[in-house]
Every structure is written in structure tokens, then in C-alpha cells.
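**Student:** These are the residues of each chain, in order.
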Amino acid sequence: MKTLERPRTPAAGRSGGGAGGRPRTEKPFWTARRRDQLAGWLFIAPQLIGSVLFVLIPLGLVVWYSFHEWNVLAGTFHSVGGDNYQKLLDDPKLPGVLKSTALFSIGLVVLNLTLALALAVLLNQKLRGSVFFRTLFFSPVVVSLVAWTIVWGFLLQKNGGINAGLDLFGVEGPNWLRSEGTSMASVIVVQVFKNVGLNMVLFLAALQGVPKELYEAATMDGAGRRRQFWRITMPMISPTVLLTSIITVVGSLQVFAQIAVLTQGGPNSSTTVLVYYLYQQAFKFHHFGYGATLSVLLFVIVLVLTVIQWQMRKKWVFHES
Amino acid sequence: MRKQTRISLTALAAASVLALTACGGGSGTASDGPVNLRMTVWSGSPEHMKLLNGIADEYRKAHPDVKSIKFDVLPLENYTTTLTTQIAGGKSPDLAWIFENSAADFVSSGALAEVNLKDEKDVLPSAKKIWEQDGKLYAYPFSTSPFGVFVNTDMLKEAGQPTPAELIAQGKWNWDKVSELGAAVHDKTGKTGMVIRDFDYKMWDNLAQYWGGWGAEAWSEDGKTCGFDKPEMVAAMTSLHKAVFEDESMLAPGTSADFFAGESAMTVTQMSRASLLGDKFKWDFVPLPEGPKGEYDVIGQAGIARLAKSAHPEEADGFLEFLTNKDNSAKLGAYFPQARSSQLDAATLAKSNPKLSEKQLSDVVIDGIQKGKVKPVHSGQAEINDAVRGALDPLWKKDADVAKVLQGVCTAINPLLEQ
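Protein sequences appear in the order of chains H and V. Per my numbering, residue 2 is the first one in the first sequence, and the count goes up by one each step. Per my numbering, residue 57 is the first one in the second sequence, and the count goes up by one each step.
Simulated from the structure, these hints should not be mistaken for laboratory data. Backbone N, C-alpha and C fix where the C-beta goes; we use that ideal spot for every residue, glycine too. Warning: the hint list may mix true and false statements.
Straight-line distance between alpha carbons at most 20 Å, and here's what the computed PhoX-like set of lysine-lysine pairs gives [said to hold, decoys possible]:
1) 285(H) / 147(V)
2) 159(H) / 454(V)
3) 159(H) / 298(V)
4) 159(H) / 258(V)
5) 159(H) / 247(V)
Now the in silico label distances, taken between C-beta atoms and shown as ranges [said to hold, decoys possible]:
6) 398(V) / 54(H): 50 to 60 Å
7) 100(V) / 100(H): 31 to 41 Å
8) 170(H) / 226(V): 43 to 53 Å
9) 287(V) / 100(H): 28 to 38 Å
10) 406(V) / 81(H): 49 to 59 Å
11) 145(H) / 185(V): 36 to 46 Å
12) 397(V) / 75(H): 32 to 42 Å
13) 146(H) / 129(V): 20 to 30 Å
With the hints as extra help, turn the sequences into a complete structure.
**Tutor:** Below, the structure is given as C-alpha cells:
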């Protein structure tokens with residue numbers, strides 16, 4: 002928008018200012034200021050219309066639905082006041098669902114960010130084949146999520162590829178997706194491998210933006226590689242750490258396809274996360290009102306976590322550009 | 057400036073609402089011109105499609121007002137969910153295939169229009185039962201398909217085992233023997249012995265094809281009392297658990313084996329799956345093995361209904377009547393057994409079933425339709441299915457306490473059965 006700004010002069014946007022006692026002429030509608038405004042609106046219109054149509058209106062509708070009961074089959078829709086919110090408080094399954102959601106999010110965020118940073122640091126070195134490995138680790142990001150998950154579903158079967166590999170070393174692998182002890186871990190790892198490349202690229206870009214002089218000065222002052230990492234690298238890439246952590250946390254709370262394809266929330270509801278649970282309530286059990294209420298809960302959780310992360314940046318983000 | 061901004065935003069909001077309204081209208085509304093009918097089905101197999109499209113083409117020739125009839129294939133795993141989502145989104149199909157496990161919900165909700173059959177007396181009353189309410193019929197019992205066992209006789213021979221036909225002749229075709237055969241196949245070929253198709257340790261209602269032999273039931277006739285903790289069910293599930301974990305004769309949890317791809321020796325499924333058979337191996341189709349309670353039959357049902365929200369009710373009713381008339385139902389019987397007294401003889405069925413012999417049709421299909429029990433049906437079944445599935449999960453471990461797990465299933469579903 003900066004390029005559209007024009008220097009303001011006393012006469013800008015006015016006509017017939019009365020200089021020299023000339024008669025006042027009618028002010029034209031398309032003044033420079035209005036033209037600027039129109040240009041601005043036109044520039045942001047595609048995004049704005051998209052946001053209103055596909056974000057704000059659906060968001061408003063979800064809140065509205067949460068105060069109603071909608072039986073899709075019967076075609077009935079009526080207000081139930083706060084009943085769905087009361088049901089939310091009384092739902093005996095919800096604590097387990099929230100626990101699974103937290104477990105998935107924490108596992109995914111910690112593993113994803115740690116692995117992405119480690120890969121980025123490793124591949125930031127001038128080593129042979131680093132371009133190949135960058136491509137290799139990034140390639141799952143562009144693969145279809147469902148196709149990726151289906152293939153992993155086969156690999157993780159009791160008689161699948163992973164256990165066949167373990168068998169070569171004389172290890173009997175578990176029933177990854179059917180055992181409560183390993184199903185959540187399996188889903189997390191499948192998702193980490195799918196998206197770690199994206200965070201890795203973001204970290205790589207941040208690492209390459211750290212001025213070399215800082216490392217040279219630190220080396221001259223006698224700082225070792227570990228000290229340089231914690232004292233220079235981490236503070237300098239902290240804005241990217243903030244960005245990736247927000248993206249990953251929000252993404253982890255919205256996981257659906259992986260659960261739907263790999264475990265359908267089982268075994269014994271151990272992988273039923275909030276999004277999958279609200280899908281079940283709305284689309285499988287036809288409780289659309291309660292499903293909408295669970296969506297509102299998810300929205301609030303994501304909002305609160307994002308605000309907390311945003312506020313915490315003051316403490317650990319070294320600089321903001 | 058503020059006023060101008062407000063006006064701009066109002067205009068933008070109005071434009072958005074108009075655009076949204078435009079998005080929502082359109083294809084679902086009735087029109088005076090030629091109509092396009094849409095029917096959702098679960099199978100997209102070329103044979104099934106050829107049969108349905110052939111009947112549709114014939115209908116369109118006589119009814120030029122119907123421009124097209126599209127058979128929309130929805131995946132079996134999410135069939136009902138996808139259908140209800142379409143209805144919720146205002147994109148209801150005109151006609152739909154409905155499975156027995158959602159029959160109670162669809163019929164009681166008013167989502168289906170009443171069906172008037174011209175030759176109603178020809179259709180067996182037992183087949184209409186789950187599609188009726190207050191004496192009115194809400195779906196034509198399109199497929200009344202008994203479960204049987206497809207057998208790869210080549211694989212049994214390779215494992216040095218007798219064929220089911222031989223065992224039937226000796227009166228030894230029972231689940232214990234099946235477990236013996238399956239274990240031998242697993243030992244000698246490394247392949248799977250028996251697969252209860254579509255169960256996959258998730259769609260548990262397919263286990264009715266197993267526990268029926270013990271006289272067990274998921275719930276009582278009136279749907280109010282849980283049957284999982286009853287002695288018959290405990291005995292049946294103990295036997296199943298042994299077959300899976302001790303004998304290793306049945307598909308293990310977390311594994312997959314497709315009979316039609318030659319990966320297992322036997323599979324419990326319906327006649328309609330015969331379309332998947334190729335020339336890879338010699339096969340047979342036999343009745344379900346006997347259980348401790350003797351012979352039994354289980355039926356999977358599906359109905360075809362006209363949706364109350366169809367945009368073209370008259371045309372849809374017209375096509376439904378044509379699709380299910382006597383002549384066409386005889387053609388449909390090739391894959392979807394028709395519960396019509398006029399068709400319940402092996403010679404008639406054999407005319408449209410080139411893949412199955414008269415004996416196979418007589419033993420499995422005709423006997424099954426007449427004597428079979430329909431798979432579990434209950435209102436709110438999606439929620440019950442999910443609760444049972446979750447509560448049964450602890451059973452699929454080697455050291456499971458079967459009786460305790462089954463008690464847990466009842467604890468989980470009792471509140472839902474009472475609703």
C-alpha cells in the first residue's frame with residue numbers, strides 16, 4: 002500500500018479552493034483520495050471476500066448451530082438454548098477426548114519442531130548431498146495426505162513392512178495401530194514425517210539469515226559450537242521458532258484425515274481427538290448441534306493457545322522484524 | 057471517512073450474502089424441463105453398473121422427460137455418513153440405497169417417501185419388516201442377501217485339506233472344522249485361513265455371521281436388552297478368540313487378506329461379491345458352517361428408497377417402480393437376491409446367475425432368504441456401533457478375558473439401547 006500513498010498538499014483532493022477569488026466549481030466525485038481508497042479495497046477484495054464467505058460466515062453459523070438441534074434425516078431444526086453447552090460439561094467421553102488431543106498435540110509439536118530444527122542445522126552445513134536430502138525430507142509435504150496415510154496404514158499392519166523390517170533383526174514388532182500403547186505414537190510419527198519438511202525449510206531459511214559475522218566474533222571470543230547454537234543461533238531464529246510453533250500447534254489440533262484413515266479413533270477410543278470426535282457426533286451420529294458446540298470448544302482452545310504463545314513471545318523471541 | 061467505510065462494508069457484506077445465496081441454489085431445485093435423476097449406490101463394479109445402467113437406459117427411452125439417471129457410487133465404509141452429509145448440504149439424491157444398519161433411523165425420521173408396490177404380495181413379508189412403519193412401506197427390499205462362504209478349493213488342496221462340499225456330505229461342515237482347515241492353510245501356505253469379510257475388527261455387526269451358530273444376539277428382539285453378556289455370546293466369542301489367537305485360522309487384527317485376490321482360503325460374504333471372482337483359482341460357494349445350535353442363516357439387507365427431499369419426486373417414484381418391477385427384479389437377482397416368492401426357485405435364479413450353480417443358489421440363497429435372520433438393526437445404530445466397537449477392542453488381544461470384555465460391551469451400550 003505504501004507505493005500508492007501520495008504526498009499531501011493543501012490543495013490535494015480539492016478543486017476550486019477559492020485562490021485568487023475564482024468562482025467555486027463542483028467537487029469531482031473521484032478525488033485522488035477516493036481513487037486510492039478504491040484501489041486499496043480492490044487489492045484486498047479477493048482475500049476479504051474469501052475470508053468473509055469461507056471463514057467469518059461459517060464461523061458465525063457454527064456458533065448459531067451450537068444453540069440449536071438439527072436432525073438432518075428428519076429435516077428438523079429448533080433452538081435448544083444452552084443445552085448443547087450443558088451436554089458438553091456433562092459428556093463423560095470428553096475428558097478422554099481432550100486428553101488424547103493434548104497427547105497428540107504435545108507429541109507432534111515436540112517431535113516435529115525438534116526434528117525439523119535438527120535436520121535444518123544438519124542440512125545447513127556445506128556437505129555433499131545436502132540438496133538431495135533437503136528435497137528428500139521436503140517431498141512428503143507435497144504428497145497427498147490421504148495417499149501418504151493409506152500407504153503408512155499398510156506399512157504399520159501387523160504383517161506390514163515395518164514389522165517385516167524388524168523381523169530381519171529378530172525383533173517381533175507390535176500391532177502398531179491396534180494396540181493402545183502404540184497407536185497414538187504411530188499416528189504422531191506418520192504426521193511428523195509428513196510435515197517435518199515444511200518446518201525444516203522454514204528453519205533453514207532462518208538459519209541462512211543469521212549473519213556470519215556473529216559466529217566469527219563468537220569464535221574469536223572463544224565460544225564453542227554448542228554455546229554458539231544456544232547464544233546466537235537460537236535467539237536469531239526465535240521469530241521462526243514462534244511462527245513454526247504456532248502453525249504446528251494449530252495444525253496438530255485440527256488433525257483429522259490421519260485418524261480417520263489409520264485408526265478411526267480406536268483402539269478403545271485412544272486416538273479419538275477432538276476434531277474426529279466432533280466429526281463423529283455431527284456426521285455419524287447426526288448430532289449436528291452438539292458437533293457445532295464441540296467446534297466452538299475447539300475454536301476457543303486454538304484461540305487461547307495462540308494468544309498465550311503470542312504473549313509469551315515477549316519473553317523468548319529475541320527480535321521481531 | 058467512517059461513514060464511507062461503513063457503506064463500503066455494508067455493500068461488501070450484501071454482495072457476499074448474494075454470492076453465498078447463489079452458491080446454495082441450483083441443481084437441487086425442481087424445474088419444468090427434462091430432469092436428471094441421481095441414485096446413490098455402494099458398488100461401482102462394472103457388472104453392477106452395466107446392469108443398473110441398462111435398466112435406466114430402457115426407462116429413459118420410454119420417458120423422454122427423464123434426461124439422465126446417474127448412479128452415484130459412494131464408498132462402502134462411509135456410505136451412510138456421506139449420504140446424510142449430502143442431505144444436510146441440500147444435495148439430497150432422488151433415490152438411495154439404504155443398508156439395514158441405518159434402516160431404523162431412516163424409516164423413523166421421515167427422510168424417506170412411502171413406496172407403493174404394484175405387486176406387493178409377491179415380496180416376502182419378512183423382507184419388508186425393517187422397512188415398514190405404521191403399516192406403510194418406506195423402501196423396496198432391493199437386496200435380501202444371505203451370507204455364505206466362498207472357498208478357494210485350490211488353496212485347501214494345497215494345504216492337504218478336504219473341501220467344504222466333502223465335509224457337508226459327511227455332515228462335518230462346522231466352525232470347529234473351519235478352524236482346523238484355516239489353521240492348516242496358515243501353517244502350510246502362510247496365507248490366511250478364514251476371513252469374515254468387511255469385519256476388519258471394526259464393523260462388528262458382521263460377526264453376526266459367526267455368533268448366529270451359537271444362537272447369540274447383539275440385543276433382544278425389542279432392542280432393549282443387551283445380548284453380549286449372555287452365555288451363548290460368551291461361548292461364541294470364546295470360540296472366535298481361540299480361532300484367531302490360538303489356532304491362527306482366522307484373519308488376525310491389524311492384518312489384511314483379500315479372498316478374491318487369492319490371499320485367503322475362505323471368506324464369509326454375500327452372493328453379490330461373486331462379481332469379484334476371476335479365473336485365478338477354483339472356487340465354491342457353500343452355506344455358513346454349523347454352530348453348536350446347528351444350521352443357521354444370516355441375511356444382509358438393503359433397500360432402495362425415494363428421498364422425501366427429492367427434487368423430482370414423481371419421476372423418481374416412476375423409475376423406482378420400473379427398477380423394481382417383476383421383470384427387472386429378475387435381472388437384479390443376478391447380484392442382489394430378490395425376496396420375491398416368484399423368484400425363489402433355483403432354476404429361475406440360475407438364468408440370471410451364470411457364475412453360480414443351481415445347487416449353490418438353492419443351498420445358500422433360497423434357503424437363506426426363507427430362513428435367515430437379518431443382521432443387527434437398532435435405531436441410533438451408528439452411535440451403538442461405535443460404542444460396541446470401542447468396548448470390543450480389548451477383546452482383540454491374546455490374553456483377553458472374554459466374559460469381562462463382553463460385560464463391558466453391555467455397560468457401554470445399555471444407556472443407548474434404553475433411548
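**Student:** For every hint, state whether the structure bears it out.
**Tutor:** So, going through the hints one by one against the coordinates:
1. 285(H) / 147(V): 17 Å, holds
2. 159(H) / 454(V): Distance ~14 Å between residue 159(H) and residue 454(V) Cα, so the pair holds.
3. 159(H) / 298(V): Since the Cα atoms of residue 159(H) and residue 298(V) sit roughly 18 Å apart, the hinted pair holds (cutoff 20 Å).
4. 159(H) / 258(V): 16 Å, holds
5. 159(H) / 247(V): 14 Å, holds
6. 398(V) / 54(H): 50 to 60 Å: 55 Å, holds
7. 100(V) / 100(H): 31 to 41 Å: Taking Cβ atoms as reference, residue 100(V) and residue 100(H) lie about 40 Å apart, which means the hint holds.
8. 170(H) / 226(V): 43 to 53 Å: 47 Å, holds
9. 287(V) / 100(H): 28 to 38 Å: 36 Å, holds
10. 406(V) / 81(H): 49 to 59 Å: With a Cβ separation near 56 Å, residue 406(V) and residue 81(H) satisfy 49 to 59 Å, so the hint holds.
11. 145(H) / 185(V): 36 to 46 Å: 44 Å, holds
12. 397(V) / 75(H): 32 to 42 Å: 34 Å, holds
13. 146(H) / 129(V): 20 to 30 Å: 22 Å, holds
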